[in-house]
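Number of protein chains: 2
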Amino acid sequence: MNMDQSKTSISTVWNGDRSGQGTIESGSLNAPIAIPQAFGGTGAGTEPKELLLASASACFTMTLVGLLEARKLPAARLAMNSEVSISPEGIMKMIHRPELVLPDGTPDESMQLAERTFEAADRQCSVGNLLKKAGVEIGIEGRVSAGAGAL
Amino acid sequence: MNMDQSKTSISTVWNGDRSGQGTIESGSLNAPIAIPQAFGGTGAGTEPKELLLASASACFTMTLVGLLEARKLPAARLAMNSEVSISPEGIMKMIHRPELVLPDGTPDESMQLAERTFEAADRQCSVGNLLKKAGVEIGIEGRVSAGAGAL
Chain A
1 MNMDQSKTSI STVWNGDRSG QGTIESGSLN APIAIPQAFG GTGAGTEPKE
51 LLLASASACF TMTLVGLLEA RKLPAARLAM NSEVSISPEG IMKMIHRPEL
101 VLPDGTPDES MQLAERTFEA ADRQCSVGNL LKKAGVEIGI EGRVSAGAGA
151 L
Chain B
1 MNMDQSKTSI STVWNGDRSG QGTIESGSLN APIAIPQAFG GTGAGTEPKE
51 LLLASASACF TMTLVGLLEA RKLPAARLAM NSEVSISPEG IMKMIHRPEL
101 VLPDGTPDES MQLAERTFEA ADRQCSVGNL LKKAGVEIGI EGRVSAGAGA
151 L
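Keeping their order, the protein sequence lines are chains A and B.
Per UniProt numbering, residue 1 is the first one in the first sequence, and the count goes up by one each step.
Per UniProt numbering, residue 1 is the first one in the second sequence, and the count goes up by one each step.
No lab work stands behind these hints, which were simulated from the structure alone.
Do not take every clue at face value.
Because identical chains cannot be distinguished in the list, a pair is counted as satisfied if it fits within a single copy or across any two copies.
Said to hold, decoys possible - Within a straight-line C-alpha distance of at most 35 Å, the following computed DSBU-like cross-link-like pairs (lysine-lysine) qualify:
1) LYS72 with LYS132
2) LYS7 with LYS93
3) LYS93 with LYS132
4) LYS133 with LYS72
5) LYS132 with LYS7
Please model the complete structure; the sequences and the hints are all you need to start from.
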């Protein structure tokens, strides 16, 4: 997904010192934030690295959904686990693991097209591309299967 | 705040096509996500750009909180509005507007020290520095006052 040019804003409030807690809020986001325990905080809330991963994950997912629609590949189910870690050398690495279930009876060529869609989504996702420019490594470990799609 | 080296993971689920909706979830984050209306979605959820801003905002806030504690400047209140926009040339610009209230009777030199803390927090925030490396512009428009700190 490319970036929307409209203005987006959020409000952040913090109470207390390092062991305190805050909230981050916008029209559609409302989450407690807390400093991770590794930095002397309570850890009882989301934090910058997790939100950065959430941004990259949402971007990849939405780009993928747009491409699947354009390629007439209706997902019966789409779920993804994403993780981020930082190497001792300070390199941030993210991995997205999308699991795409296409309807029972989807022809083989469509299954293969769906697999290639993961790479296309990675190439087109604007947040991912921004992070890569800053040296973040992003890996995609996708899986396509056919099934009923029940959760 | 520097980055914690532990692994962080989140789960993302999506239902439907471009006009569908999803959720993004971790231990402490649980938010609906939706494709913005500008891209043919419902707009009824948070999206990548907002989450990216939330990450930068949380990082700046937590870094600031740590510095205020180290400098013995207890905040009576800390609130911040952050916004992000993208220029027609594609340059992403974020502005953080922290409003810091120090206790009544805080000496002038402490007030000035607190003002300088905004710039120090900007220089030390890891997510902000990562985004700057990718060409994002970040501006700080902070305000320090003294008062009772009631919301």
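Hint by hint, here is what the structure shows:
1. In the homo-oligomer, the alpha carbons of LYS72 and LYS132 lie at most 35 Å apart inside one protomer (29 Å), although the nearest pairing across protomers, at 38 Å, exceeds that limit.
2. In this assembly of identical chains, LYS7 and LYS93 lie within 35 Å of each other by CA distance both inside one copy and across copies; the values are 29 Å within and 10 Å between.
3. Taking the closest pair of Cα atoms, LYS93 and LYS132 come within 35 Å of each other both inside a single copy (10 Å) and across two copies (18 Å).
4. Only within a single protomer do LYS133 and LYS72 lie at most 35 Å apart by alpha-carbon distance; the minimum there is 31 Å, versus 37 Å between protomers.
5. For the homomeric pair LYS132 and LYS7, the shortest alpha-carbon distances inside one copy (23 Å) and between copies (19 Å) are both at most 35 Å.
Checked against the numbered hints above, the structure breaks none of them.
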